[in-house]
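J.: Protein chains in written order, with the working numbering: chain B, 13 to 119; chain L, 1355 to 1667.
Hints are supplied without guarantee of correctness; some may be wrong.
To be verified - Below, computed lysine-lysine pairings styled on DSS-like, alpha-carbon distance capped at 30 Å: (1) L:Lys1484 / L:Lys1613; (2) B:Lys48 / L:Lys1586; (3) B:Lys48 / L:Lys1559; (4) L:Lys1586 / L:Lys1639.
Unchecked claim - One-sided excerpt, in silico: chain B residues whose CB lies under 10 Å from chain L: (5) Leu41; (6) Val62; (7) Ile101; (8) Ser105.
In short, the hints are calculated from the structure, not lab data.
Backbone N, C-alpha and C define an ideal beta-carbon position, used for all residues, glycine too.
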Amino acid sequence: MKVENLKDLGFEMIISNQEEIIHGYTCDLLSEVMGKAKANTVWITVQSHVNIVAVAVITGIKAIILCDDRKYESETIDKAKSEGIALFITPMSAFEASGKIYELGIR
Amino acid sequence: MENVDELIKRIQPYFSELSVQEFMSTPVITVHEDQSVLYAKELMRLWRISGLPVVDDQKRLKGIISIEDIIHALESGSLDLPLSEKMTKNVISLSKYDKIMEVVKKFEMHGFGRFPVIDEQRHAVGMVTKQDLMIALLKKLSILYVHDTKREDFVGVDEFRSIPKNVKFEKTEFEFQIDYKEISLAGTGAAELKKFLLSRNFDPKFVKRIAIATYEAETNVVIHSNSTGRIKAYIEPDFVEVRVNDNGRGIENIELAMKEGYSTAPDYVREYGFGAGMGLSNMRKCADKMVVLSSKGNGVFVEMHFWRHDGES
Chain B
13 MKVENLKDLG FEMIISNQEE IIHGYTCDLL SEVMGKAKAN TVWITVQSHV NIVAVAVITG
73 IKAIILCDDR KYESETIDKA KSEGIALFIT PMSAFEASGK IYELGIR
Chain L
1355 MENVDELIKR IQPYFSELSV QEFMSTPVIT VHEDQSVLYA KELMRLWRIS GLPVVDDQKR
1415 LKGIISIEDI IHALESGSLD LPLSEKMTKN VISLSKYDKI MEVVKKFEMH GFGRFPVIDE
1475 QRHAVGMVTK QDLMIALLKK LSILYVHDTK REDFVGVDEF RSIPKNVKFE KTEFEFQIDY
1535 KEISLAGTGA AELKKFLLSR NFDPKFVKRI AIATYEAETN VVIHSNSTGR IKAYIEPDFV
1595 EVRVNDNGRG IENIELAMKE GYSTAPDYVR EYGFGAGMGL SNMRKCADKM VVLSSKGNGV
1655 FVEMHFWRHD GES
């Protein structure tokens, strides 16, 4: 699915891109994400600081969904813009958000 | 080729505290002084060893029987004599508390291939061969994680390549100074390296492995070293070598640090999702070969080798 289609699941889009999503991964430990997330992944997390963009760039994550009504730091948004990483926010928990995406067949 | 003394002097701070009891082979195979030379010969054949400590009833070291002694016994037709008559009696032994440098000196001075180790009461408690010594040095100097047969090449030939200051590397093609201490910038160098490698037309999968490992190493410098550092990369068509080093606190116990989940990261770092104790093991998984060289107060030096795998064209 397209990154933009995440909007249809109720996630609020902060920054968009034209990438394709094939996989999903949910975790807040950066090293775990580094080690396990595949390319073209949507990453569901509660981490909002700027390092998440570096993690995304390196692993090939295309979109990040920040859960539990948290807000991105402005640095994170700037960096994501320049690196072409899509950012979303949601009041849902990481569990709920992952469930929604899972239902669409993303693994 | 640098001479060995020079090298040993240079690396000495890394292992000066290592004592014999930490790396000797134990339990030791011994033979009683009343046994025959023939019996000792059989023991040596079975265990494929070239020297046996000879002991009395209390297991106290009385001598050593070597292949040379057995050849002498063969020549003089005295294989049936008790060992007490044929063994070498003036044994040079090591104390289990001897430091590794003393052991190196003894090997140099006497030219023997092995030394028995004794405790305060002269009980034979272990054996040290040149191989034990070499493994102890390598273990202390570095932890080698290799997934393939290239390990042999490394252990056999290149062990000293990884020592800082001894590096004569002229073809570095990528260099990044980790000259910041803010966690928020961690990964900047790895992202730069990723872009650099992609611009050289390396396969994205191959580049990802390298970038992840470099990211972890860079993050470690920022979180743990309390100093600055440097990333260097050297490339060939099917091979990339990355070196990350810092001048900081160093790692006290590399083996422990290598364990998944072990972390010394402070809480504020953990809140950011770092410090889960996965960094070094992630690096190990990504790299085909990795050497970590460190000791307390001497910074950390990481060298990682990446070969292009099938499917990473």
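J.: Look at each hint and say if it fits the structure.
T.: Consistency of the hints with the structure:
1. L:Lys1484 / L:Lys1613: 29 Å, holds
2. B:Lys48 / L:Lys1586: It holds: about 25 Å lies between the C-alpha atoms, which stays within 30 Å.
3. B:Lys48 / L:Lys1559: Holds: B:Lys48 and L:Lys1559 sit about 13 Å apart, inside 30 Å.
4. L:Lys1586 / L:Lys1639: 20 Å, holds
5. Leu41: 4 Å, holds
6. Val62: 5 Å, holds
7. Ile101: 17 Å, violated
8. Ser105: 17 Å, violated
Of the numbered hints given earlier, the model fails hints 7 and 8; all others are met.
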